[in-house]
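Enquirer: Please model the entire structure based on the sequences and the hints provided.
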Amino acid sequence: MRDDEPNADVEVSEVEQAAAWLERLTRDPLADAVLGRLTVLRASDPAPRGRYQECELDLEVTLPGRQTARVTHVAVFPRSLWPRAGDVVPARVSASRPEVFEAQWERLREQRSGDGITR
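Using this note's numbering, the first residue of the sequence shown is number 29, and each one after it goes up by one.
Calculated directly from the structure, the hints in this document are not laboratory data.
Glycine residues also receive a C-beta, built at the ideal position from the N, C-alpha and C atoms.
Check before you lean on any hint, since a few could be wrong.
Computed spacing ranges between beta-carbons, pair by pair [what the hints assert, rightly or not]: (1) R94 - R52: 11 to 21 Å; (2) G78 - E44: 38 to 48 Å; (3) D73 - A46: 42 to 52 Å; (4) Q81 - Q139: 15 to 25 Å; (5) S41 - R98: 28 to 38 Å; (6) R77 - A103: 17 to 27 Å.
Expert: Next up, the structure:
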């Protein structure tokens with residue numbers, strides 16, 4: 029299809045539709061994901077030793093145009109990026125199942141780089 033044709037952008041939307049169809053077909057839990065954010069309400073304390081540890085989190089999941097949801101989550105973090113109450117990170121979140129998400133936890137490093145706190 030040429031760029032000067034009226035429906036030149038149809039290919040892009042068809043590709044996006046095909047990708048969404050494949051995600052649903054393969055039962056990808058994030059097939060219906062939208063961009064949202066996670067707010068840490070509570071994080072368990074790290075143990076005195078050990079670089080990487082499990083952290084139990086209570087999170088508030090915020091999606092555009094939807095009511096917030098509270099979820100409990102367990103993830104492994106290095107002590108240097110240990111989440112704290114009030115931390116907010118962007119995430120891809122399943123619109124139908126807010127407990128299913130892909131968080132950008134590495135953003136904590138950027139947020140902490142200027143606060144002078146070393147853990």
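Enquirer: What hint numbers does the structure not satisfy?
Expert: The structure conflicts with no hint, since it agrees with every one listed earlier.
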